[in-house]
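In the order they appear, the protein sequences are chains Z and E. 2 is the number of the first residue of the first sequence in our numbering; add one for each residue after it. 759 is the number of the first residue of the second sequence in our numbering; add one for each residue after it.
By construction, these hints were calculated from the structure, which means they are not laboratory data. Possibly wrong hints are sitting among the right ones.
[Said to hold, decoys possible] Some, not all, of what chain E presents toward chain Z, calculated at C-beta under 10 Å: (1) G778; (2) V799; (3) P830; (4) G832; (5) A834; (6) S839; (7) Y840; (8) K860; (9) A880; (10) K891; (11) L904; (12) I920; (13) V922; (14) E926; (15) L930.
Where a beta carbon is used, it is the ideal one built from N, C-alpha and C, also for glycine.
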Amino acid sequence: MREIPFETVKEAVAGLCMDANYEIGHDVVQAFRHGLEIEESETGKAILQQLLDNVEIAKNEKMPACQDTGWAVVWVELGSGVHIDGGELYDAINQGVAKGYTDGFLRKSIAADPLRRKNTGDNTPAIIYTDIVPGDKLKITVQPKGGGSENMSEVKMLSAADGAEGIKDFVVDRVARSKANPCPPVLVGVGIGGTFDKCAQLAKKALLREIGSLHPDPFYADMEKEMLERINRLGIGPQGLGGRVTALAVFIEAFPCHIATMPCAVNINCHSARHKSATL
Amino acid sequence: MTKKIATPLTDETVAGLKAGDSVLITGIIYTGRDLAHAKLVEALDAGKDLPFDPRGSIIYYVGPSPARPGKPIGSAGPTTSYRMDKYAPRLMDVGLKGMIGKGNRTQPVLDSMKKNKAVYFAAVGGAAALISKSIKESKVIAYDDLGPEAVRELKVEDFPAIVVNDAEGNDLYEQGTAEYRKDQ
Numbered sequence: 002m003r004e005i006p007f008e009t010v011k012e013a014v015a016g017l018c019m020d021a022n023y024e025i026g027h028d029v030v031q032a033f034r035h036g037l038e039i040e041e042s043e044t045g046k047a048i049l050q051q052l053l054d055n056v057e058i059a060k061n062e063k064m065p066a067c068q069d070t071g072w073a074v075v076w077v078e079l080g081s082g083v084h085i086d087g088g089e090l091y092d093a094i095n096q097g098v099a100k101g102y103t104d105g106f107l108r109k110s111i112a113a114d115p116l117r118r119k120n121t122g123d124n125t126p127a128i129i130y131t132d133i134v135p136g137d138k139l140k141i142t143v144q145p146k147g148g149g150s151e152n153m154s155e156v157k158m159l160s161a162a163d164g165a166e167g168i169k170d171f172v173v174d175r176v177a178r179s180k181a182n183p184c185p186p187v188l189v190g191v192g193i194g195g196t197f198d199k200c201a202q203l204a205k206k207a208l209l210r211e212i213g214s215l216h217p218d219p220f221y222a223d224m225e226k227e228m229l230e231r232i233n234r235l236g237i238g239p240q241g242l243g244g245r246v247t248a249l250a251v252f253i254e255a256f257p258c259h260i261a262t263m264p265c266a267v268n269i270n271c272h273s274a275r276h277k278s279a280t281l
Numbered sequence: 759m760t761k762k763i764a765t766p767l768t769d770e771t772v773a774g775l776k777a778g779d780s781v782l783i784t785g786i787i788y789t790g791r792d793l794a795h796a797k798l799v800e801a802l803d804a805g806k807d808l809p810f811d812p813r814g815s816i817i818y819y820v821g822p823s824p825a826r827p828g829k830p831i832g833s834a835g836p837t838t839s840y841r842m843d844k845y846a847p848r849l850m851d852v853g854l855k856g857m858i859g860k861g862n863r864t865q866p867v868l869d870s871m872k873k874n875k876a877v878y879f880a881a882v883g884g885a886a887a888l889i890s891k892s893i894k895e896s897k898v899i900a901y902d903d904l905g906p907e908a909v910r911e912l913k914v915e916d917f918p919a920i921v922v923n924d925a926e927g928n929d930l931y932e933q934g935t936a937e938y939r940k941d942q
């Protein structure tokens, strides 16, 4: 059994929260640059240029790229040969989130109760998803997820008879109905299969993929390409003010399915698509 | 063309703004988002004064990130506006002239804008570090207990925004999307 100190985990999570919010990923920046080349709307081009400038300011001044520094969604791959020394793993993660959001001047965006709305004050609790994997490593990914694009997300229980066309129509329509609200250009995470709840988790996990990467299954790679093209024909454009660049990517995560069901979840991410990982 | 405008907004200034105009706003604006709006309307319902004079005012829908030492504010981009739609007409009825946010408004807000000669601006969502450069001073003037949702008075210089909905009922979101839409 390999021991990893509680404090090591806590400090790693705190650092990931800050880095993810200050430094927009290289793949997103590349997608902005590509968008600038293909966008036809002058307003759209001006917006994409502002986003590129914003990325630089955020990185250089250690400011969050977006004031909505998100819900800290934390993906854990815990090796079965790892033991956390000096405390519980989830406590280390939550204390790391609290430290990262406090020391890093990040916004605290979590209401302790959905109806009574008092802020928890330190951006905890984190949303933690854990996979137990073979080995003696601990991989942690922090994915700060903004609320505006989360609000434009949806789960639909389709049937096998709806097929791939039903999935594609639902996904494109969900983006069309979102219009300007989720801060386009967006990333579109699509979960297909699993249970009602698993499907939504798949859609969120899909958003961790690198822009430009191909789905390993050519069937789904083709679906992603077709949906991206259809979305970029909607005319919504950067910030919804009209243009060609409405989405930067569509990512699918598929999973086995009950014979009676075909759930599909769409998790929309604004262009502040943030995630950072560390392996301890 | 970029137009420079100053607060408080007058009927004349608002009448000169058309959907699609880029503007640079200078002067005092106020922040408010979900919970602050609920409290502002609650105050009006109770016959109390608002924490600022609403006549000619602009409200910016934002919950900024905390300021680093020596800085007036943290990152400060717009939040999605429709969540304030339940409250916005009431505030326009007492003099609110401008709203800055992002995303589509609902019909009651658009109707109230025409009736009250008000304007809706979009700031670029997610350009929050860039936008913060145009905010020179910030102080909490109400509801400090709401944290990022408190009402702040901001002194802004050349704050960049785009007119989406003007007082004549034009809508840049609809116009822009229609212009670039292609058949599915």
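For the restraint on E926 (chain E), tell me whether the closest CB of chain Z is nearer than 10 Å. The hint is violated - E926 (chain E) has no Cβ within 10 Å of chain Z, the shortest such distance being about 18 Å.
Does the CB of I920 (chain E) sit less than 10 Å away from some CB of chain Z? For I920 (chain E), the interface hint holds, since the closest Cβ of chain Z sits about 7 Å away, which is under 10 Å.
How about K860 (chain E): closest beta carbon in chain Z under 10 Å, or not? Where the cut-off is 10 Å and the nearest Cβ of chain Z is about 6 Å from K860 (chain E), the hint holds.
Evaluation of the interface hint that places V799 (chain E) against chain Z, nearest CB under 10 Å: violated, 16 Å
Classify the hint on K891 (chain E) as holds or violated, based on whether any CB of chain Z lies nearer than 10 Å to its CB. This hint holds: K891 (chain E) lies near chain Z, its Cβ roughly 7 Å from the closest one there, short of 10 Å.
Going by Cβ atoms only, is G778 (chain E) closer than 10 Å to chain Z? Check passed: Cβ of G778 (chain E) comes within 8 Å of chain Z, closer than 10 Å.
Against chain Z, is Y840 (chain E) within 10 Å by beta-carbon distance? holds, 7 Å
Given A834 (chain E) was flagged as interface, is its beta-carbon under 10 Å from a beta-carbon of chain Z? Cβ of A834 (chain E) sits 5 Å from chain Z, so the hint holds.
Using 10 Å as the Cβ threshold, decide whether S839 (chain E) counts as touching chain Z. holds, 8 Å
Identify whether the interface hint at A880 (chain E) stands, where standing means a beta carbon of chain Z within less than 10 Å of its own. Holds: closest Cβ of chain Z sits about 6 Å from A880 (chain E), inside 10 Å.
Checking hints one by one. Is L904 (chain E) an interface residue toward chain Z, by the C-beta closer than 10 Å rule? L904 (chain E) check passes; min Cβ-Cβ to chain Z is 7 Å, inside 10 Å.
At a threshold of 10 Å, is the proposed contact between P830 (chain E) and chain Z supported by beta-carbon distances? With Cβ-Cβ at 12 Å, over 10 Å, it is violated.
Checked against the numbered hints given earlier, this structure breaks hints 2, 3 and 14; the rest are met.
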